[in-house]
Each structure stands twice: as structure tokens, then as C-alpha cells.
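Asker: Residue numbers (the working numbering), protein chains in the order written: chain A, 1 to 148; chain B, 1 to 136.
Don't take every hint at face value.
[Claimed, not checked] Below, a sample of chain B positions facing chain A; criterion: calculated Cβ distance under 7 Å:
id : residue
1  : Lys2
2  : Tyr4
3  : Ala12
4  : Ala14
5  : Arg38
6  : Ala60
[Said to hold, decoys possible] The calculated DSS-like cross-link candidates involving lysine-lysine, where the alpha carbons are at most 27 Å apart (straight line), are:
id : chain 1 : residue 1 : chain 2 : residue 2
7  : B       : Lys83     : B       : Lys125
8  : A       : Lys77     : B       : Lys2
9  : A       : Lys7      : A       : Lys69
10 : A       : Lys40     : A       : Lys147
11 : B       : Lys2      : A       : Lys40
12 : B       : Lys83     : A       : Lys147
13 : B       : Lys83     : B       : Lys32
14 : B       : Lys2      : B       : Lys83
15 : A       : Lys77     : A       : Lys7
These aren't lab readings, by the way, just hints derived from the structure by calculation. Bear in mind the structure is a predicted one, so any value in this text is a computation, not a measurement. Think of the CB as a built atom: it goes at the ideal place given N, C-alpha and C, for glycine as much as any other residue.
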Amino acid sequence: MSEILDKPEVARIYIDARGPRFGAIITTVVLALTLVTNNKWLLLAQALVFAIGAIRGPQFTPYGFFFKKLIKPRLTKEAPTEDVRPPKFAQSVGFLFALVGLVGAFSGADAVFTVAVGFALGAAFLNAAFNYCLGCEMYLLGLRLIKR
Amino acid sequence: MKTYLPLVIVLAIASAYGLWYQRSRGAIRTVKAVPGHRLGADVLGEALGSRATMVQFSSAFCAPCRATHALLSQMVLAMEDVKHIHIDAESHLELVRQLDIRSTPTTLFLNSDGVEVGRAAGTPKRQQVLTALNAI
Chain A
1 MSEILDKPEV
11 ARIYIDARGP
21 RFGAIITTVV
31 LALTLVTNNK
41 WLLLAQALVF
51 AIGAIRGPQF
61 TPYGFFFKKL
71 IKPRLTKEAP
81 TEDVRPPKFA
91 QSVGFLFALV
101 GLVGAFSGAD
111 AVFTVAVGFA
121 LGAAFLNAAF
131 NYCLGCEMYL
141 LGLRLIKR
Chain B
1 MKTYLPLVIV
11 LAIASAYGLW
21 YQRSRGAIRT
31 VKAVPGHRLG
41 ADVLGEALGS
51 RATMVQFSSA
61 FCAPCRATHA
71 LLSQMVLAME
81 DVKHIHIDAE
91 SHLELVRQLD
101 IRSTPTTLFL
111 NSDGVEVGRA
121 AGTPKRQQVL
131 TALNAI
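Please construct the entire structure, taking both the sequences and the accompanying hints into account.
Answerer: Structure below.
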């Protein structure tokens, strides 16, 4: 079946919207395990995934790869497309939280680790369970605060 | 050391917020309107509709903005007296502050005088839009 997403000029801007949602489910599980076990190495791994998602796009992360290889072939409906920029923005925010958490963990500030992982987990869970759009809610507020 | 307390707290707060988020997105609320302004072609860059105007604020990092734009622009095709005006929030920050737009997409419903009578954050449903327009 030929899909609109198979065209390279479309794939640069639009991705399968179900991919980031699936990634958010795995992210939620990984961050929940991180929070329960206080494991900073797990957070480091998730931070690397966030970094790839923020810089290249969520479709290039290991979670995106799983989705493409294992989940997408089993889905029969036509792919709903989504602009790649909103999930990229969300991945950047996730990366910032993970970074703060890592600084906390490696400097011995356990509370910083717990709070930062908690925020990242909250955002990932909202995205997975409620299709929460972080960019919609946070980007404009951030601009209003920063720009004069 | 294993501890489940932070996980339980995060999931409880996020669930409560998520339920509120899901219910409130798209709802057209008259009480949220900021009625002190009269918007016109000078600010919006386009003339108002003769009966009503829907002014949609969008941003780049916003997936439902595209769906909202598709819905509203398609709906006004069949309405002579209603216009849909699309504004990039990022390049109109002054207006965004004046009107207290906090998230995207936010759609303002204006009457023929350019006074806001309702607004919706998130993608409204077709029926909600029709009801709001009929009330203007």
C-alpha cells in the first residue's frame, strides 16, 4: 500500500502520529522504573533517547524503531499524520528534565533527581494517556515569559 | 532502595490534570472571553465577517492547530457571514498578551462589532462551533 508518508518530501515534515504516542508509553514505563528504583543509569539511557528525539526527531529513537518494525505493520488503519515539530519540542523538554535529574543524581542531590524525573514522568504519562500536547500548553507561555 | 510513593503521587496528580485537560479542551467558554477589546482589520490584518468572526491563534509546536484550522476553514466555506482568521501567535506576542492567550490553538469568537463573546482552547467539535455561532 502506498502511503503519503512514503514520499520523502512529506516524511521530512510529517510523521505517523501514532509513533510518538507509542514512544510516550515506553517512556512512561522507563521513567516509572527510574523513579521506583532510583536508578540514575536508567535515566541516562532515557536522556539519550530524548536527545535523539529532540535533535533528529522521535522517529529516529529506539522507541521509534520498535514502532516502525513491530507495531506499525500490525496496524491496519491509514496512518494519521502529524507535524514532526510538536513531538520534537516535547522531547527537548523531556531532555531538559532528564538533564536536571542527572545533575542531581551525580551530585548527590536526591531530591532534585526525584522531582525532575517526576515532572518528566508526568509529562510522558499525560502524553501517553491523554494525548497531551506539551508544545500547545507550554511554548506560548514560555515565549510570553522570555520575550519582551 | 525501592520506593513507590513518588510514583503514586505523580500518577495521581497527572491523572487528575489529564482528566480536566481532556474535558476542557475544545469547549467554547463565554466566561473566558476578554471583552474589553474591539478587534478589527487594523489588528487582525483582515476584515471581519459581517455576522461573526473566528480568530484562531496557532504556533509551530502544536499538533491540534492543524486539525482546528482544517475544521474551521472548511466550515466557513458554507457561511457567507462568518470568517475564519488564522494568526501566528509567535509573531503577534503583543496581541497575545493583551488578549491573554495562553495555549494554542485558541479560537476567539467575535461578534459583528469585533467584541469577543467566547473562546475555545484546543480543537472544538463541529457542533460546538455551530452552537456558538448561532448564539452570536
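Asker: Now tell me if each hint is right for this structure.
Answerer: Now for the hints, and whether the structure bears them out:
1. The criterion of a C-beta within 7 Å of any C-beta in chain A is met by Lys2 (chain B), whose closest approach is roughly 6 Å, and the hint holds.
2. For Tyr4 (chain B), the shortest C-beta to C-beta distance to chain A is roughly 6 Å, which falls under 7 Å, so the interface hint holds.
3. The criterion of a C-beta within 7 Å of any C-beta in chain A is not met by Ala12 (chain B), whose closest approach is roughly 10 Å, and the hint is violated.
4. Here the hint on Ala14 (chain B) is kept, as its CB sits about 4 Å from the closest CB of chain A, short of 7 Å.
5. Residue-level restraint check for Arg38 (chain B) is violated (minimum Cβ-Cβ distance to chain A is 23 Å; threshold 7 Å).
6. Of the supplied interface hints, the one on Ala60 (chain B) holds, with its beta-carbon coming within about 5 Å of a beta-carbon of chain A, less than 7 Å.
7. The straight-line distance between the Cα atoms of Lys83 (chain B) and Lys125 (chain B) is roughly 17 Å, inside the 27 Å bound, and the hint therefore holds.
8. Restraint check for Lys77 (chain A) and Lys2 (chain B): not satisfied, since their Cα atoms lie roughly 41 Å apart, outside the 27 Å limit.
9. Note on Lys7 (chain A) and Lys69 (chain A): the hinted pairing holds, with a Cα-Cα distance of about 18 Å set against a maximum of 27 Å.
10. Our distance criterion of 27 Å between C-alpha atoms is broken by Lys40 (chain A) and Lys147 (chain A), whose separation comes to about 35 Å.
11. A distance of roughly 13 Å separates the Cα atoms of Lys2 (chain B) and Lys40 (chain A); the hinted pair therefore holds under the 27 Å criterion.
12. The straight-line distance between the Cα atoms of Lys83 (chain B) and Lys147 (chain A) is roughly 30 Å, outside the 27 Å bound, and the hint therefore fails.
13. A distance of roughly 21 Å separates the Cα atoms of Lys83 (chain B) and Lys32 (chain B); the hinted pair therefore holds under the 27 Å criterion.
14. Our distance criterion of 27 Å between C-alpha atoms is broken by Lys2 (chain B) and Lys83 (chain B), whose separation comes to about 58 Å.
15. The straight-line distance between the Cα atoms of Lys77 (chain A) and Lys7 (chain A) is roughly 18 Å, inside the 27 Å bound, and the hint therefore holds.
Of the hints listed earlier, those the structure fails to meet are numbers 3, 5, 8, 10, 12 and 14, in rising order.
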